[in-house]
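> Each chain is listed here by its residues.
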Amino acid sequence: MATKRLMKEYNSIQKALSDTQEYENIVSLEPTGDLFSWCGVIRGPSNSPFQAGTWKIKIEVPQNYPIAPPKMKFVNKLCHPNVNFQTGEICLDILQNQWTPAWTLLTTMSAILLLLQDPEPTSPLNIDISNLLKSGDIKAYNGLIRFYTHKYAIDSV
Amino acid sequence: MSEGLESDGLKRDQQALVPVQDHVLPFADAPSIVRAHQKDSYFESVLRDKVQGAVQVLTGQRFIHTHPDEITVAAKALYVGLTTVLGSRTLGEEYTDLMYVTRDGKRIPKLLRRLGFLASYSIIPYVITRILRRLLPVDEGEGASSKKNWFQSLSYSKILDTLLNVHLALFYFNGAYYDLAKRIFGLRYAFGHRVDKEEQLSRGGYELLGGLIFTQIAFKAIKHFSESFQNDRTRKSNTEVSDNITGVPPSVPSNDIDLSNPKLLKFIPDFSRNCMLCLSPMTNPSCAPCGHLFCWNCISDWSRDHPECPLCRQALTEQSILPLR
Ligand SMILES: [Zn+2]
Ligand SMILES: [Zn+2]
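Respectively, the protein sequence lines represent chains A and B. Going by the UniProt record's numbering, the first sequence opens with residue 1, and the numbers climb by one from there. Going by the UniProt record's numbering, the second sequence opens with residue 1, and the numbers climb by one from there.
Looking at chain A on its own, in the form it has when it is part of the complex (with noise of 0.2 Å):
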């Protein structure tokens, strides 16, 4: 079922990334070697702190997909109060427990996108950016996230 679905999926994302203006931050999503390890590239959105950086998420599917969640995490390093500075790991909902196979690779690489603009700082990642946000200093969040970007995410892809 899993190959078949991931068959399914392949066909319709390029389709889906050149066609539709909902998916303009993400620049590709492609396997790597087989229908189980992909590679996507994810652009920040122009309106945030985040915004000129590029960023590779590193995907896993498991066997059993999509009655299991892809496993997704960040290659290059991004200072987000949901996202593990060190590891690259990802916390979001979807990902972990309220996935459904509603969700398509591509769709999540969406919600990721999503989370860049509207963290949730109740389950940090990344306690320094996160008590930043906490205590409402938003220059100061802002102004890290822009430093970082710029130090990791200008030509990484």
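Derived from the structure by calculation, the hints contain no laboratory data. Watch out, some of these pointers could steer you wrong.
Heads up, incomplete: computed chain A residues facing chain B, CB under 7 Å, no partners named [stated by the list, open to error]:
1) Lys4
2) Arg5
3) Lys8
4) Ile67
5) Thr100
6) Pro101
7) Ala102
8) Leu106
To list a few chain A residues with every Cβ distance to chain B over 12 Å, as calculated [stated by the list, open to error]:
9) Met1
10) Asn11
11) Glu22
12) Glu30
13) Pro31
14) Ala52
15) Asn76
16) Gly88
17) Cys91
18) Leu113
19) Asp118
20) Ser130
21) His150
Glycine residues also receive a C-beta, built at the ideal position from the N, C-alpha and C atoms.
Mind docking chain B with the ligands on chain A? Use the hints.
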């Protein structure tokens, strides 16, 4: 069901009948036994429906589809267990006023015999069929061993059929045992009342039917012998050829309902014929309690770990999924 009331009535009947030991009750005739049997099989099927309903509540729809034989066995055992084994009459036996007596017609069969009948009527045929199905190859065509003789080419089902036919023909002739199991355990039917000559004559008999069955068996036997004799001759000339043929696996006809075929389940509109779990046209579309449709395999895999609909998160158990047919 009303067995409780009947058994009360029957105990009184038996008490009234048992003192009549010096003169033997008249054996029942074939037509009455057949009528009683027809009634019983009707009530058995009613009971089977009820049992199936109860099992469905407990285990879900899928079990009903995969275990129809087991449910039938359970219903049969329940019916005989609640009537014959407890010493009361079945509804069919009451209808034509029959009761069990021993082979000589002088006594009422003991509990052990009645239990034996229960087992050989319901459970044992089921077990034997299962075992033999596993032991004997099902195919009756040219199997792997091309050196079968006429005896080996007899299949289990053919033997059983012939045996049952002989038994039935005997029943039509002497009207003693309609069920093979009853013959084995010596449960013979007698009338619970006296029969006068006129009544006996007006019912007639089934001897003609018995004769027809014997003729049929005889013809089948002749045909079988002549065929296997011819096969032996042709086989001798064909052995070299057949050895060279490599086996082609027979295409298994699948019972799957594949929605990529637009003729199937037309009431499902085009835009919802794809399963959102595998993103393909559904195979064996199945309905969750919320009304969402998925492939049977897809949704049952999902429901094992996640008790909710993948689309709307409404409660969902594997038992509550309904395959559409
Ligand atoms: Zn499916
Ligand atoms: Zn639903």
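> Against this structure, judge whether each hint is valid.
Each hint, compared with the structure:
Because the smallest distance between the Cβ of A:Lys4 and any Cβ of chain B comes to about 6 Å, under 7 Å, the interface hint for this residue holds. With 7 Å as the threshold, the beta carbon of A:Arg5 comes within range of chain B, its nearest partner Cβ sitting at about 5 Å, so the hint holds. Interface restraint check for A:Lys8: the shortest CB-CB distance to chain B comes to about 4 Å, inside 7 Å, so the restraint holds. With its C-beta approaching chain B no nearer than about 5 Å, A:Ile67 sits inside the 7 Å limit, and its interface hint holds.
Look at A:Thr100: its Cβ gets to within about 4 Å of chain B, closer than 7 Å, so that hint holds up. Using the Cβ-Cβ criterion of 7 Å, the hint placing A:Pro101 at the interface with chain B is satisfied: the shortest such distance is roughly 5 Å. A least Cβ separation of about 6 Å between A:Ala102 and chain B falls short of the 7 Å threshold, and the interface hint therefore holds. Interface restraint check: A:Leu106 against chain B, minimum CB-CB distance 12 Å, threshold 7 Å, status violated.
Distance check on A:Met1: its Cβ comes as close as 5 Å (rounded) to a Cβ of chain B, failing to clear the 12 Å threshold; non-interface status is violated. Listed as a non-interface residue, A:Asn11 fails to keep its Cβ farther than 12 Å from every Cβ of chain B; the least gap is roughly 9 Å. The Cβ of A:Glu22 lies farther than 12 Å from every Cβ of chain B, with a closest approach of about 18 Å, so its non-interface assignment holds. Every C-beta of chain B lies more than 12 Å from that of A:Glu30, the closest at about 18 Å, which supports listing it as non-interface.
For A:Pro31, the non-interface assignment is confirmed: its Cβ lies about 16 Å from the closest Cβ of chain B, beyond the 12 Å cut-off. Even its closest Cβ contact with chain B, about 35 Å, leaves A:Ala52 beyond 12 Å, as expected for a residue assigned away from the interface. Here A:Asn76 stays apart from chain B, with its beta-carbon at least about 31 Å from theirs, past the 12 Å limit. The Cβ of A:Gly88 lies farther than 12 Å from every Cβ of chain B, with a closest approach of about 27 Å, so its non-interface assignment holds.
At the 12 Å boundary, the C-beta of A:Cys91 stays outside the reach of chain B, the nearest C-beta of that chain being 20 Å off. Annotated as non-interface, A:Leu113 keeps its C-beta farther than 12 Å from every C-beta of chain B; the closest such distance is 22 Å. The beta carbon of A:Asp118 sits about 21 Å from the closest Cβ of chain B, which is more than 12 Å, so the claim that it is off the interface holds. For A:Ser130, the requirement that its beta carbon stay farther than 12 Å from each beta carbon of chain B is met, with the minimum near 29 Å.
Interface exclusion of A:His150 from chain B stands, the closest Cβ pair being 40 Å apart, more than 12 Å.
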